[in-house]
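So the protein sequences, as listed, match chains X and U. According to the working numbering, numbering within the first sequence proceeds without interruption in unit steps and concludes at 651. According to the working numbering, numbering within the second sequence proceeds without interruption in unit steps and concludes at 1302.
For the record, the hints were derived by calculation from the structure and aren't laboratory data. Treat the hints with care, as some may be off.
What the hints assert, rightly or not - Away from chain X, derived, C-beta distances all over 12 Å, residues of chain U:
{"no.": "1", "residue": "P687"}
{"no.": "2", "residue": "L834"}
{"no.": "3", "residue": "I877"}
{"no.": "4", "residue": "A1276"}
Claimed, not checked - Coverage of chain X stretches by chain U, computed from C-beta distances (three or more under 8 Å per stretch; other residues unrestricted):
{"no.": "5", "stretch": "236 to 250"}
{"no.": "6", "stretch": "339 to 353"}
Positions of the beta carbon are idealized from the N, C-alpha and C atoms, including for glycine.
Protein chains: 2
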Amino acid sequence: MCKRVLQYHQVETPPPQPFFKSLKNTLNEILFADDPFRKIRKESKMSKKIELGLRHVFPILEWARGYNLEYLKSDVISGITIASLAIPQGISYAQLANLPPILGLYSSFVPPMVYAIMGSSRDLAVGTVAVASLLTAAMIGKEVNAVENPKLYLHLAFTATFFAGLMQTCLGLLRLGFLVEILSHAAIIGFMAGAATVVCLQQLKGLLGLSHFTHSTDVISVLRSIFSQSHMWRWESGLLGCCFLFFLLTTKYISKKRPKLFWISAMAPLVSVIFGSLFVYFLHAQFHGIQIIGELKKGINPPSITHLVFTSPYVTLALKTGIITGVIALAEGIAVGRSFAMYKNYNIDGNKEMIAFGMMNIMGSFSSCYLTTGPFSRSAVNFNAGCKTAVSNVVMAVAVAVTLLFLTPLFFYTPLVVLSSIIIAAMLGLVDYEAAMHLWRLDKFDFFVCLSAFLGVVFGTIEIGLILSVGISVLRLLLFVGRPKIYVMGNIQNTEIFRNIEQYPQATTLSGVIILHIDGPIYFANSSYLRDRIGRWIDEEEDKLRKSEENSLQYIILDLSAVGNIDTSGISMLEELNKLLGRRELKLVIVNPGAEAMKKLSKSKFIESIGKDWIHLTVAEAVSACDFMLHTAKPDSPEKISGGVPEFNNV
Amino acid sequence: MCKRVLQYHQVETPPPQPFFKSLKNTLNEILFADDPFRKIRKESKMSKKIELGLRHVFPILEWARGYNLEYLKSDVISGITIASLAIPQGISYAQLANLPPILGLYSSFVPPMVYAIMGSSRDLAVGTVAVASLLTAAMIGKEVNAVENPKLYLHLAFTATFFAGLMQTCLGLLRLGFLVEILSHAAIIGFMAGAATVVCLQQLKGLLGLSHFTHSTDVISVLRSIFSQSHMWRWESGLLGCCFLFFLLTTKYISKKRPKLFWISAMAPLVSVIFGSLFVYFLHAQFHGIQIIGELKKGINPPSITHLVFTSPYVTLALKTGIITGVIALAEGIAVGRSFAMYKNYNIDGNKEMIAFGMMNIMGSFSSCYLTTGPFSRSAVNFNAGCKTAVSNVVMAVAVAVTLLFLTPLFFYTPLVVLSSIIIAAMLGLVDYEAAMHLWRLDKFDFFVCLSAFLGVVFGTIEIGLILSVGISVLRLLLFVGRPKIYVMGNIQNTEIFRNIEQYPQATTLSGVIILHIDGPIYFANSSYLRDRIGRWIDEEEDKLRKSEENSLQYIILDLSAVGNIDTSGISMLEELNKLLGRRELKLVIVNPGAEAMKKLSKSKFIESIGKDWIHLTVAEAVSACDFMLHTAKPDSPEKISGGVPEFNNV
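Construct the complete structure from the given sequences, taking the supplied hints into account.
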């Protein structure tokens, strides 16, 4: 048992705060936790403030001044490297979104320029992504057929991009970027793996040279669609695809083994496109079942601002598509920006990044681009190629512009099957089963979230997977609050430390006293549970004591150290508990309520009703006080001391 | 500063548990927190087990054995008292639900009988309630007009009752009763006040003798409807209503002042009905603008099981109505049962009560009753009249049956305006502005929830109020997890205790060390926030130190005592934080991770990467270790000690 504590300390109530001040503090904490205007606020001169503000909004002003030739060299090299990846990938993903292939090139021209001005990541390479492309195709395609009504479909894609950008900008401006955090890491792993599986399956269309295909994305529909037309399979196309896939995967493997050879896998798609095109050109393979891209229009992005569709019934479809694809794109882009910033030790303000992404998509939607973000693969290549600043994005944009102006005819003979191989190779990297295993080992619930996202995407639709994983993640948060852990504490021998007896089996409990620790806030959602659970602990303890014929239970010490907050239902519960215990001739003792809890407990009559002497600063002091009462004057009923419980008799 | 701690203690990892065992424990904790089968489980003999099981399901078996004449006397008195309240209230509420008045009597016959067998509360009096009645009228009335299509409307009301009962039974059987807790106390106060306001406004129709009235329930529509037909107002009706209202409120006031005279207010509605009927009968007031009930059918409940509507399009309407009214009814009934059980010191199992409510409504829907629960007013009268067991419900049911068989003709001349007065008098008690003021004083957020429920109901619809208040309550839970408090800890002088320096302003901080306490779990929803916020604390501390030219910051002590759980995103955040701090030449020290957190931290590589020596059991020990390092060998970089951080350099 612990030794007597000589000095008792008082639990204090923090000084009261005026309502509006505390409201302001709370809102500040919710929206400006990272204190983004810290530097600006500290500056006293107005002109300096404006300058810092401009630099805050346009990071280019920050880094452009220190820019030098050394940087330029690095940026040009990495810019060209990512352009060589961006061109074939762009065409492939546009194909995946059922959009004209040229849109993939357009989307690698305007958005990177905007990002270079407004973005704060130095390593992010802007471009379209497979998952958002597929999602666009699946969502818009459900209501408008891309083949029968290509113009409307195209315009809806622009409109969805516009809405996505608008939403991203708004989230950033309102500093609501934390809403994107609702997509947990586990959910993203499952979701990405599912989406990659679905995207790969979709590519079987290109690989097998099929021309009709289902619009559904789930495994069952896709497999049924493939096997129902097995007589239409083109072996030439399949063989060619497998060869390129093998080539791409080999280069990936090499680059993974030797990170210095990253450029091998970065160049592989372009090499595949060139070889594929040459192959078709010389062997006239287009007449033997190999589908080709065909003609691409020359010239840079035509304006599309007049094509945006704001009339019902399509505007809601575009809005919905925009919001969902926009969130997915944000989640990927922000995560990519953050992780590279971590490596290079600089800061990324998520909300500011959202504004940059948003502006880039709004501008994109005005100039024939569809949804772009910062894809992981392209940014990794950028990073490995040694980029220094966002200038690499500008270089890529220029390279793409040159392609658009002069080189598009070269893609005439590019076989679609090569594009499919490029997509499959990129997607296989997204199935991160090791991460899933890691989740299983560390946290079963996270694995469950991941699995449900995966299964939802694979067997349902991409949206179902998304909703499932978000729903289950949120359920977990609610469950944490709804069912907080309560554990019994024991004394670690020869100390005044009290800890969970399950975690520290050597900790000893005291007869006559039970110490319960509540591990979470006391809210309406858990107050009934806590009351029941505490009752059960007491019942069990009394049973045990009755069997061993020890001292009967007299004191219930409730350690509130970990109770971050309490609401009025929680206070009622404590009052109720105090009365219940009083009637069972048990004395409730409270330990270490935090600032919030203490404020509310003293405003209510609770402190008076249990007696000010029965609120202690540490468990050791509370135990010592109980111990003292137990051994000196054995009280016939603890109410006599508190003066609080008999109140109830008057009710 | 605190004195040197001589002995260091180890943080322990609890022994691993097999997956299925821990899953079972978790589910047990979620669903069987109150351990309802404790007694049954402890019994070894099978026959005894069955007996206990039966008694568990049918509490009547429990108390019937000890029943005696003394009890019967009390129960008969209270039963007759509540019957005298139930009859006029029943008719009034049926009127409110746009149902034939006789249904109010039917509903006070069968359901109380069922409850007497299955319910575990001794004080609850079963009957219909105003809010659920109005909700039924509003929801079904939106699609089916009660005047034009009374038969379908009636059948839908039965079906909704059936679905409500089914849902209640299922919730109870699946032990999901905690879902009802989503309606917080604050939400219920606001919701009830709003509903009472709306119900009172609806009564203006009866009071002013109007025959046409809006179907909307919001203040604006109702007032517009009333004032647009001011030429139709009947002053006779209004005057009579005001007189009765005055009488009822006076008796209420008397009973409130002198609780012993509770029977005055309990009898007042019946007295009003009698006097009102006599008044009409003798003065022939029905020809002077006073509307009367008219003929009521003699005889007890006809069966209605064949009237249930399970065909579309109406089945979804009935289902929706049933679920919403069922939840509202449950929330009231369970709260009433619980609070009286508290007074009399016996236990109520919420889930068991739900089954009882559910069965009573299912049976009710088969026998021409609509939704019943345990209304507060009637139960309070029952309690005050000295009821001992659920037999008082049986007595009430018998009294109602007698009325149904023989006395219905007496209600022919009962004026509707009296019913309106009865409803208004009952409703005014529900506007608990004192409770709302109490919320404002204790917890602003709860007040906000209450207010939004009130405004939602009054200016929108009852459903909007419900959804608003639940939504905001849930948002609060999410916000708690999403934005946990972090505070700086200081040492309370001459002790080894560390506490929040805002709560204990006398606590002293140490130069070179910052101690941060995280007050909540570390989950995906807050890990970015925590990382940013910790960064901000460190920035601020470094600024402060720079100004005062004290020791530079070297150690960040993170107190995880209140971190109830951590998920994989949280672990990644800690790993990231450790790397970030390492690069800033700061050493991360962890204090007292709980069982769950410790389990996951040791499974991940985190413990290794910060070094096992840098995880301490108490803040005092951590501080002492840092202090020792600071004063003996001033380390040029703390990495040397930990051996953890340099790993990053190889990445």
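Going through the hints against the structure:
no., hint, in the structure
1, P687, "violated (10 Å)"
2, L834, "violated (8 Å)"
3, I877, "holds (36 Å)"
4, A1276, "holds (16 Å)"
5, 236 to 250, "violated (count 0)"
6, 339 to 353, "holds (count 4)"
In terms of the numbered hints stated before, the structure departs from hints 1, 2 and 5, listed from lowest to highest.
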